[in-house]
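The numbering used here puts the sequence shown at residues 180 to 522.
Hints are not guaranteed to be accurate.
[Unchecked claim] Pairs of lysine-lysine residues, derived as BS3-like cross-links and limited to a Cα-Cα distance of at most 30 Å, are as follows:
{"id": "1", "residue 1": "K405", "residue 2": "K372"}
{"id": "2", "residue 1": "K468", "residue 2": "K489"}
{"id": "3", "residue 1": "K406", "residue 2": "K471"}
None of these hints come from the bench; they were simulated from the model.
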Amino acid sequence: MIEYYAYEIDVALQNNCWFAALALSLTLPDICGMVAFPEETSVLRRYIQWCDTYLIDDEPGLEGHKAPRISGEIVCNLRNTFLHTGSPTINSNKVQDERNQLDKFMLLMGDVPSIRFFSACIEIPNVTYRSITINVNWLCRIIYERAVWYYQNNQERFHFDFVADTAEHFFAPDTEIPPGDPIVRALNQKLEKRGETRRFVEDPEHTIVNSITTGFEKVFSDQSLKKKMMAGQTVTSDHFKIKRTVIASHPKPSSACKRVKTVPDRIPQPHYSAKREAQVRSFFGQHFKEKKYSQKKEQIIQAVLSSVTKQQVNNALMKCFSSEEAGSIYKRLLPLLKNYPGK
């Protein structure tokens, strides 16, 4: 995984994306320090210790010199100010090493292999002036080169836990679908952790994954729907309807039988259909003509279409509007909600 980070840092540098390269580079000592010093509870001490051990080389001619030097503390300080405040500089008030309490810190942008950094210390009676200029290319490359070396020699100690995919592969029609229903399995694991006795029963003919995949295939085969989705607009399709998954009750064998609330045979479904959506949109056009509602038109419409009870409609509105405004909108919507259960 570290090699992927290194590759993207190198690409960023080649395309003069200095700050992107610097931001990603400054995360690497975090990752490696956690592996190298697992007993150290302080993130900052781990960071500094890894840099001082694996990153920093003593510069020839600087032994005993009073000029500032690149140290783990300096790199860590740059990481904090840049990643936390957006300022790629050094906060000398938080530097403990007096030698590195800088009056000026500067980043040099550009690929100049012969220049690593400039360090200066000017002393006159009662006054000292210190400065460092660092070549960003050199700093990024030295960090990712040492991080890659450390990773390659300690791979068994690293663990990366994430899921990622390219859009081209994710939406490809021939992408292999995982067997079974991983979403149902994940839901059952959550129920088990909560001590629930009920479990979702997989339906091999109508898995949740297949329903979602079919919906995406429908959207991406329709240019108008695809254009809306890629533009960030709300897309609705009958293919996104997930068929009802049965929840079965499994009493714990070691406990006395208890009365378990069963799931009703008929579970209310959201009122999605092309005809229903057209009805709701027409109603909105007639009863919500004020300009203040036009910006949140889709939220109001989806609150009606995605809900199965009056309470759910009200809850959805409360997420987008103040209590008073949500109540006013809800009252206007009541003619649309006459067939919804609840008060």
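Comparing the hints with the structure gives:
With a C-alpha separation of about 38 Å, the suggested pair K405 and K372 falls outside the 30 Å cut-off, and the hint is violated. The straight-line distance between the Cα atoms of K468 and K489 is roughly 23 Å, inside the 30 Å bound, and the hint therefore holds. For the hint linking K406 to K471, the alpha-carbon distance of about 26 Å falls within 30 Å, and the restraint holds.
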